[in-house]
Amino acid sequence: MTVDMRNGAAQPTQAVAIAIDRVSQRFPGRSGTNPMLALDDVSLEIRRGEFVCLIGPSGCGKSTLLNIVGGLIAPSAGSVRIGRNTVNGARPREIAFVFQESTLFPWYTVLENFRIALKFQGVEGGGWRDRAMAALRAVGMENFAEHYPSQLSVGMKQRINLARGLCVETDIILMDEPFAALDEQTRMVLGEDLSVLLARTGRTIVFVTHSLAEAVFLAGRIVVMTARPGRVKAIIDVPAPHPRSPDFMLAPQFSTIRNDLFALLRDEIRQTVAAMREARDGARP
Amino acid sequence: MSGRERLGALSMQTAFLAVLFSVWYVVTEGSQITSLFLPRLPRVWSEMVGLAASGRLYAAALVTIPTIAKAFAIAAIFGIAVGFLVGRSERLVRLLEPVLSGMFAIPITLFFPLFILFFGIGPDSKVAYGAAYGFFPIALNTIAGFSNVDAHFLRAAKAMGASRYQLFRHVYLPAAMPVVLTGLRIGFFISFAAVLGGETISSAAGIGRAIALSGELMETARMFAWIGFVVLATMILNIVVLAAESRTRRD
Ligand SMILES: Nc1ncnc2c1ncn2[C@@H]1O[C@H](COP(=O)(O)OP(=O)(O)OP(=O)(O)O)[C@@H](O)[C@H]1O
Ligand SMILES: [Mg+2]
Numbered sequence: 001m002t003v004d005m006r007n008g009a010a011q012p013t014q015a016v017a018i019a020i021d022r023v024s025q026r027f028p029g030r031s032g033t034n035p036m037l038a039l040d041d042v043s044l045e046i047r048r049g050e051f052v053c054l055i056g057p058s059g060c061g062k063s064t065l066l067n068i069v070g071g072l073i074a075p076s077a078g079s080v081r082i083g084r085n086t087v088n089g090a091r092p093r094e095i096a097f098v099f100q101e102s103t104l105f106p107w108y109t110v111l112e113n114f115r116i117a118l119k120f121q122g123v124e125g126g127g128w129r130d131r132a133m134a135a136l137r138a139v140g141m142e143n144f145a146e147h148y149p150s151q152l153s154v155g156m157k158q159r160i161n162l163a164r165g166l167c168v169e170t171d172i173i174l175m176d177e178p179f180a181a182l183d184e185q186t187r188m189v190l191g192e193d194l195s196v197l198l199a200r201t202g203r204t205i206v207f208v209t210h211s212l213a214e215a216v217f218l219a220g221r222i223v224v225m226t227a228r229p230g231r232v233k234a235i236i237d238v239p240a241p242h243p244r245s246p247d248f249m250l251a252p253q254f255s256t257i258r259n260d261l262f263a264l265l266r267d268e269i270r271q272t273v274a275a276m277r278e279a280r281d282g283a284r285p
Numbered sequence: 001m002s003g004r005e006r007l008g009a010l011s012m013q014t015a016f017l018a019v020l021f022s023v024w025y026v027v028t029e030g031s032q033i034t035s036l037f038l039p040r041l042p043r044v045w046s047e048m049v050g051l052a053a054s055g056r057l058y059a060a061a062l063v064t065i066p067t068i069a070k071a072f073a074i075a076a077i078f079g080i081a082v083g084f085l086v087g088r089s090e091r092l093v094r095l096l097e098p099v100l101s102g103m104f105a106i107p108i109t110l111f112f113p114l115f116i117l118f119f120g121i122g123p124d125s126k127v128a129y130g131a132a133y134g135f136f137p138i139a140l141n142t143i144a145g146f147s148n149v150d151a152h153f154l155r156a157a158k159a160m161g162a163s164r165y166q167l168f169r170h171v172y173l174p175a176a177m178p179v180v181l182t183g184l185r186i187g188f189f190i191s192f193a194a195v196l197g198g199e200t201i202s203s204a205a206g207i208g209r210a211i212a213l214s215g216e217l218m219e220t221a222r223m224f225a226w227i228g229f230v231v232l233a234t235m236i237l238n239i240v241v242l243a244a245e246s247r248t249r250r251d
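Respectively, the protein sequence lines represent chains A and B.
The numbers in my numbering rise by one with no breaks, and the one at position 5 of the first sequence is 5.
The numbers in my numbering rise by one with no breaks, and the one at position 57 of the second sequence is 57.
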């Protein structure tokens with residue numbers, strides 16, 4: 001294991017899929033007063049076929065960074081390149097999102113949600129049903145194709161949300177805590193599936209999580225972010241090939257990396273909690 | 001609501017009506033309440049039969065129903081158009097929504113003489129009056145429907161590459177539809193009430209006029225007969241509308 005502090009330059013083995021170049025993000029503060037710095041000078045290069053996990057305290061800008069990479073937010077400073085192109089808007093052909101909240105449209109059935117996703121992406125014609133059913137089978141939800149989202153549990157919705165992200169067949173998938181609402185066991189099963197899928201299809205995945213075990217199990221590299229304003233604090237390599245079996249979690253290497261990760265995060269979490277307390281006490285009369 | 005609950009609710013509602021009519025019947029048959037205030041039930045019934053048989057009900061309905069239909073159509077077209085145009089822009093919502101809901105709070109009845117002045121004593125003034133009343137709930141609900149679409153649905157649709165038209169057709173429209181339909185339902189019943197109310201205040205024909213006239217002539221039984229027709233029509237409309245609404249709602 002190596003802790004790489006050089007702000008994430010990629011090893012030159014594979015082409016760079018995503019290049020984040022000195023990105024900062026400022027949000028206008030409440031009632032237009034002093035703006036809030038959410039991301040501070042973040043640089044990161046992600047190679048094709050890499051699985052990168054973003055981990056950091058709540059509110060450090062992980063979702064914001066993902067939105068910037070996907071072109072849904074224009075950064076206040078810096079830029080993102082996908083391959084050779086600088087991002088300046090959504091890129092549905094290359095990038096799929098799996099959001100933190102379930103974004104299945106409640107007025108469509110599960111199957112219609114897939115059809116609409118493919119239609120939005122510009123895929124027309126007959127093949128959509130087979131693709132949708134294949135994606136649903138991959139997450140074990142093929143029997144719920146005709147259900148409305150309101151008829152499903154939160155966990156089921158998240159699995160379908162994930163399947164929808166995979167079904168559009170983009171090179172890059174940005175996932176924002178896609179398993180957050182799932183129980184530990186389902187999480188691990190889906191994580192394994194994802195690991196197999198990655199090994200097979202070679203997609204590039206950026207995956208936000210709060211779970212140390214999940215990060216170590218899934219990621220090729222783990223990017224640890226600081227408390228707000230978010231910066232890259234450290235990058236940890238997990239040198240084990242995909243697909244990974246659950247046995248990997250029992251390996252000594254696994255717990256070593258997990259412990260290092262925890263040590264890196266602990267200070268940042270403390271800082272976040274302290275800031276929250278301060279804000280709360282400051283607000284008290 | 002399960003079938004069993006619905007049956008329970010229905011029998012409660014029927015029981016309530018039965019009690020109401022029994023009390024009415026007993027009070028008017030058994031005591032000395034003058035029929036000027038509360039006519040005997042059989043008298044009201046025979047008046048209803050008479051009005052229907054003589055064709056007077058038909059003639060009055062032929063004035064009132066098209067008036068309601070026109071008033072509601074105008075309210076719906078303008079309400080949805082204004083609501084949609086305003087609801088799409090956050091700035092316009094902040095600017096105009098308070099103005100519209102403020103105007104909705106003003107009793108438009110105050111301006112009824114103006115409607116008569118501008119549009120005459122015929123049905124046109126009632127069309128305008130009913131349309132003015134029905135416009136506001138439809139516009140306000142349409143604004144609410146289009147301006148409260150969850151941001152994360154819009155973000156997801158944009159990330160998937162939805163065009164402007166697709167965003168409207170597959171996100172805004174279905175998200176706003178239930179709220180707009182509620183607005184249409186409220187707007188319809190308000191237009192309905194306003195037209196009938198307008199007819200009783202000042203008009204030359206129509207069901208509202210017939211109610212007012214029987215009142216002035218102290219033909220209480222006939223007045224109740226006319227009112228009975230309106231209540232009956234309202235109940236049937238309500239059932240039809242609720243059934244239509246529950247069919248469009250998915251669950
Ligand atoms: N549109 C916005 N306007 C203003 N402030 C925002 C906006 N979006 C995010 N922020 C702020 O930016 C900071 C980072 O938010 P972000 O959602 O990226 O955090 P996160 O790391 O994803 O947190 P979590 O782990 O809780 O999901 C937060 O303080 C948040 O309040
Ligand atoms: Mg987040």
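Be aware that one or more of the hints could be misleading.
As the list claims (entries may be wrong) - Derived CB-CB ranges, DEER-like:
#, chain 1, residue 1, chain 2, residue 2, range
1, B, Ala15, A, Asp130, 53 to 59 Å
2, B, Ala69, A, Gly29, 50 to 56 Å
3, B, Ser46, A, Gln151, 50 to 56 Å
4, B, Arg164, A, Asp130, 25 to 31 Å
5, A, Arg277, B, Leu92, 53 to 59 Å
6, B, Ala243, A, Arg270, 27 to 33 Å
7, A, Arg277, B, Ile239, 27 to 33 Å
8, A, Ile269, B, Leu92, 42 to 48 Å
9, B, Ala61, A, His147, 42 to 48 Å
10, A, Ser58, B, Thr234, 51 to 57 Å
These are computed hints drawn from the structure, not numbers from a lab.
Positions of the beta carbon are idealized from the N, C-alpha and C atoms, including for glycine.
Structure-based check of all given hints:
1. B:Ala15 x A:Asp130: 53 to 59 Å: At roughly 56 Å between Cβ atoms, aspartate 130 (chain A) and alanine 15 (chain B) fall inside 53 to 59 Å, so the hint holds.
2. B:Ala69 x A:Gly29: 50 to 56 Å: Between alanine 69 (chain B) and glycine 29 (chain A), where Cβ atoms are some 53 Å apart, the hint holds.
3. B:Ser46 x A:Gln151: 50 to 56 Å: Given about 54 Å between the Cβ atoms, the range holds.
4. B:Arg164 x A:Asp130: 25 to 31 Å: holds (29 Å)
5. A:Arg277 x B:Leu92: 53 to 59 Å: violated (41 Å)
6. B:Ala243 x A:Arg270: 27 to 33 Å: For alanine 243 (chain B) and arginine 270 (chain A) the Cβ distance comes to about 60 Å; the hint is violated.
7. A:Arg277 x B:Ile239: 27 to 33 Å: Between arginine 277 (chain A) and isoleucine 239 (chain B), where Cβ atoms are some 58 Å apart, the hint is violated.
8. A:Ile269 x B:Leu92: 42 to 48 Å: holds (43 Å)
9. B:Ala61 x A:His147: 42 to 48 Å: holds (46 Å)
10. A:Ser58 x B:Thr234: 51 to 57 Å: holds (54 Å)
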